[in-house]
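Asker: Same order as they appear, the protein sequences are chains A and B. Residue numbers for the first sequence follow the numbering used here, beginning at 5 and rising by one. Residue numbers for the second sequence follow the numbering used here, beginning at 5 and rising by one.
No wet-lab data here; the hints were simulated from the structure. Being a predicted model, the structure only gives us computed values, none of them experimental. Each residue gets a CB set at the ideal place from its N, CA and C atoms; glycine is no exception. Don't take each hint at face value.
[Said to hold, decoys possible] Subject to a maximum C-alpha distance of 27 Å in a straight line, what follows is the list of computed DSSO-like cross-link-like pairs (lysine-lysine):
1. B:LYS251 - A:LYS82
2. B:LYS184 - A:LYS125
3. B:LYS129 - A:LYS37
4. B:LYS63 - B:LYS251
5. A:LYS249 - A:LYS81
6. B:LYS139 - A:LYS81
7. A:LYS63 - B:LYS129
[As the list claims (entries may be wrong)] Chain B regions said to be covered by chain A (calculated; three or more residues, Cβ under 8 Å):
8. 12 to 20
9. 87 to 100
10. 199 to 211
2 protein chains.
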Amino acid sequence: MRRINCIISYDGTNFSGYQVQPGKRTVQDEIEKALTKVHKGQSIRVHASGRTDTGVHAKVQSLHFETEFQLSTESWKKALNALLPNDIYVNAIKEVPSDFHARYDVIEKEYRYYIINGPEKDVFKRNYSYYFPYKLDLIAMEEACRYFQGTHDFTSFSSAKSTAKGSKVRHLYEVSFSKKENELEFILRGNGFLYNMVRIIIGALLDVGQGKLTPQDIKFLLEKKDRRFVGVTAPPQGLHLWNVKYKQE
Amino acid sequence: MRRINCIISYDGTNFSGYQVQPGKRTVQDEIEKALTKVHKGQSIRVHASGRTDTGVHAKVQSLHFETEFQLSTESWKKALNALLPNDIYVNAIKEVPSDFHARYDVIEKEYRYYIINGPEKDVFKRNYSYYFPYKLDLIAMEEACRYFQGTHDFTSFSSAKSTAKGSKVRHLYEVSFSKKENELEFILRGNGFLYNMVRIIIGALLDVGQGKLTPQDIKFLLEKKDRRFVGVTAPPQGLHLWNVKYKQE
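Chain A with its partners taken away, still in its complex shape:
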């Protein structure tokens, strides 16, 4: 058996998220259907670095699968891109050692979140950013970002619906943003992210920007370890999985 690592991108607009769900159009399902065609009907399971929700995009998503087929990586790429719908694209394929795992071997993930913060909507960005026309205190938001950086228990900033067991401690290398014209681009890099964690952090940063929270409140909220103290989750369409890093790279 050969183990193949695929780097893909997808526009999440018309998907019910990454993970297979009966009766729904999902990214995983489209990829497994394409692989099954290549394997002449044999069902193939793929393992991704993590799932993404309905409407969330991936500039870079990483996954692996096993195959007995002796195709070159270039042929794999051509075959899959010919079979996949036009909102998924395989950017790169490589053979990896048999103990490589697209999820468990991740050492760093990067997410970006886009907000249109101005008086006018942009129809071309409606599916790729969150339109938030209200005035924001960017200085306070920058200060709040610094409270998220480092090692923390992120229980307060993950979905209460999360079924994940084990530690909710994660290390964030970077939480920052920049403004270019009316667009805010947030960058979050960490060794791992809990369910809805980026979108809840963005929601809290917008609360800071509107004066509903102070930057220091972030410290307090982290210590509370209770999702109920934190406000709303920012909507999915602004969120982009941007990069996935592994040990060997």
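Assemble chain B onto chain A, guided by the hints.
Answerer: Chain B only, in chain A's frame:
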């Protein structure tokens, strides 16, 4: 009666073009439906600077209509944006003199056309640009652009299906392009454009880029005044109506 000028933008992806067609979702139809709702069922006709084809976008489209309603321009904008679907947006509204005409008073239009010219597709640009992975001679294309500028009869570069009567002479102020990473951005500004003219010009420029035509052939093709001598029309999704200018501005 008051005459109102509306500046709108729309994502053409899910429209069968601008102009009303029975049984099809069109931009004009959505706007007229919204205006009819505001006018409590009275049917209102809008007049745009020109139509756009299926899949073609507008960063700026201009139209006018007549009304007896005494709403402020800000109220008009709010009412229409509340009623329109999220792939159309009203950017600005103003009252204009009763002899203003959104089509006949145009003195300059600008179109942009986007091409992804690199080895990899970009799923996020698939509806907004033309993916053309083949090698292009940009120097030859720049020279070809210059042959299009100025006053010419553009019969060879307009659809043979065009039903437009009268002169096919137009003046192009600018035909140029720039490359940023893998993206080519073409700018075409002129006093008017014939049906499919931008997309046929782009098709010919790509022929020059691939060595199928020389830059000097453009001069010959303009003189022929026959659409059959020119190659294929570039696809619609790369085309964006970018600006519309009037005398009084």
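Asker: Decide, hint by hint, whether the structure agrees.
Answerer: Going down the list of hints, with the structure as the test:
| no. | hint | in the structure |
| --- | --- | --- |
| 1 | B:LYS251 - A:LYS82 | violated, 52 Å |
| 2 | B:LYS184 - A:LYS125 | holds, 25 Å |
| 3 | B:LYS129 - A:LYS37 | holds, 24 Å |
| 4 | B:LYS63 - B:LYS251 | holds, 20 Å |
| 5 | A:LYS249 - A:LYS81 | holds, 20 Å |
| 6 | B:LYS139 - A:LYS81 | holds, 21 Å |
| 7 | A:LYS63 - B:LYS129 | holds, 12 Å |
| 8 | 12 to 20 | holds (count 3) |
| 9 | 87 to 100 | holds (count 5) |
| 10 | 199 to 211 | violated (count 0) |
Going down the numbered hints, you'll see the structure goes against 1 and 10, while the others check out.
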